[in-house]
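Asks: Sequence:
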Amino acid sequence: MSKTDTNFISFSLLVLLFIVLIFNIELGEVQPWDEGLYAYRARAILESNQWWDQSSVSLGGLYSSTYPPLVPWMIALNLQIFGENLFAIRIFSVLCSTFAIFLFVFFLSKQFDYLITFLVGLNLLLSSHWLFYSRQGMTDIPLLFFILSNIIVTVKFLEEQYKTKQLVLGLLISFTFFLGLMTKIVLSFIPLLTLIFVYRYFPKKIFLKTLIFYALGLLLAMPWYFFMSMKYGTTFISSLFPPHLFSIVEENRKSLGFFYYINQILISNPFLVLSFFSIFIRFKSKKFLNLFFSGNIVSDIFFFWFLSGLLIFSLAPTKLPHYTLYLLPPAFFLICELISLHYNNLKLKEKTFLIIAVLFNLFWFFTPSFRQSIKEMNFETPIISIALLLVAISIIGFIYFQERKRKIDFLSSQQLITTLFYIISSLLLVLSIINFASNPTGKVFGGERVSKFLMNHKIESFVYLFHKANDSDTLNPQIAWYSHGKYFGINKSKGTVFLALPINKIGLNELKQLQKYPNFVVVYYISSPKLPAKIIVDELIPERDILLLTPNYIIFGRKVRESKEINKKLI
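Just so you know, the sequence shown maps onto residues -3 to 567 in my numbering.
No lab work stands behind these hints, which were simulated from the structure alone. Do not rely on the hints blindly, as some may be mistaken.
Unchecked claim - Here are the simulated DMTMM-like cross-link-like pairs (lysine to aspartate or glutamate), alpha carbons at most 20 Å apart as the crow flies: (1) K482 - E506; (2) K464 - E43; (3) K448 - D109; (4) K482 - E43; (5) K501 - D534.
What the hints assert, rightly or not - The calculated label-pair distances, taken between Cβ atoms and stated as ranges, are: (6) P219 - I531: 29 to 39 Å; (7) P219 - S434: 41 to 51 Å; (8) N292 - L545: 55 to 65 Å; (9) L252 - P547: 20 to 30 Å; (10) L73 - K282: 31 to 41 Å; (11) T415 - F223: 51 to 61 Å; (12) G491 - M218: 10 to 20 Å.
Idealized CB from N, CA, C, for every residue including glycine.
Start from the sequences, fold in the hints, and give me the full structure.
Replies: Structure (structure tokens):
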């Protein structure tokens, strides 16, 4: 491939990434949880001019202000430029996602076939987790951009021979590490794993230079951390150690347990099943001592990142879906390495198994009802029969190829797997655009209408009915944003009565407490479709009228005779 063709494809990829990510990001509502917290904090920065410490103006005080301020800073600047809208809140994450993938592809293209790296980068974009969180004003995508930038710059630093260029690259190591530290706590230390391999493969002088540049990045971030530690003491310091790793947070202990993140990876993109096959190949081809030190520092970094990250996240009692993001770049690196370097050397039965695995994961990816049936051990649904038929056909086909022992050129080359990449990538791209055109970004909607209803009717006192997972659930960043802090904000109405229901139960005893507030409006927040909302509503309807119905909120009023007429006017 000529340099002109490569440049054209690179530019096309950059444009495609940006168009897909920015398409209709202004639709929908500010999302709870993180996006709402950061958006509220960013607006508070502009209103109070408190850029360094927002504890006195953030939702929950230190609860949300202990997180480093870089993303709120960027959102605040965008709010200043573009106004208070979703575009301003989300554009920084979109830009970080665009350049993260572009940089990732550019880096991989120096080591592997360009077309394969292009397809791998495109599938990183089209992974459901990456696509979803890239279009929200959160910290994870910006942090991943800084992590990837740091690792790539570190590799370039190690390769550079000229001192001047090496110094520039070293300062970039410090700067990107600093940006990560100012974005998110603990996970920003992921780039430090490169030091393990620098120490192993390079002279101590190079290792010390690299270590100094990382230390400089840490030093640049220290003023904010030192200021917050001195001002808030152990309360702030304890937040530096994420409770997700050693305790249950927000009731996110998923039923799959250790296998939760494995499943999340598989349902994020059909090709991600190949990352596990890549691990198998590495275990098979290398001795244990060489498993993490193969002689290729780049391969070792991404392999160690993926395997150690998967193990740590899987063992942690709390499971958070957005943590899957941190496993996607190294997973796709392993896939690119597998196809570019190892695929042609695989045996026919291994290639057959690999293709079947991709097709099965494609089926797994597109059939959430099937996944739910497996989870519930319900084998009576029609889709189970289809799945079993596919299993039978695949086994018969596999046995046929093995018995015949024929060399099939199409299966033995990269052509089949590359063709699958083209077909499935095109399908995912079209489906993503259709989804963005027909559905707003996010999962929780109705907070804006609830806020307008409460403010238009000048309601000061109401009951907030919610399913409690932890103490912070008394916050509602979505309503706080749209009510400008009147409800759930720093200056929230003191007339709010919080009534918590169990997270996984109906809570009839708790519902009886509503009898104490017969004249209060009830705002019922349905945070998840898995909650027993229908039963709760059925219990409330005989006693109260529905005044407003939204996808995730229902407002109930006291029972009146003219309920139908009132409902028509207010909804």
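Asks: All the hints need checking, so say for each whether the structure fits it.
Replies: Results of checking the hints against the structure:
Of the pairs offered as hints, the one joining K482 and E506 is violated, with about 26 Å between alpha carbons and a cut-off of 20 Å exceeded. Restraint check for K464 and E43: the C-alpha separation of about 31 Å exceeds 20 Å, so the hint is violated. About 54 Å separates the Cα atoms of K448 and D109, which puts this hinted pair outside 20 Å; it is violated. Between K482 and E43 the CA atoms are separated by roughly 15 Å; this keeps the pair inside 20 Å, and the hint holds.
Between K501 and D534 the CA atoms are separated by roughly 15 Å; this keeps the pair inside 20 Å, and the hint holds. For the pair P219 and I531, the beta carbons lie near 52 Å from each other, so the given range of 29 to 39 Å is not met. As the Cβ distance of P219 to S434 is approximately 47 Å, the hint placing it in 41 to 51 Å holds. Taking the beta carbon of each, N292 and L545 are about 58 Å apart, inside 55 to 65 Å as hinted.
At about 26 Å, the beta-carbon gap between L252 and P547 stays in the expected band of 20 to 30 Å. At about 48 Å, the beta-carbon gap between L73 and K282 misses the expected band of 31 to 41 Å. One distance hint, 51 to 61 Å for the beta-carbon pair T415 and F223, holds here, with the actual separation near 56 Å. Range check, G491 to M218: Cβ separation about 43 Å, and the 10 to 20 Å hint is violated.
Violation of the numbered hints given earlier is confined to hints 1, 2, 3, 6, 10, 12; the remaining hints are satisfied by the structure.
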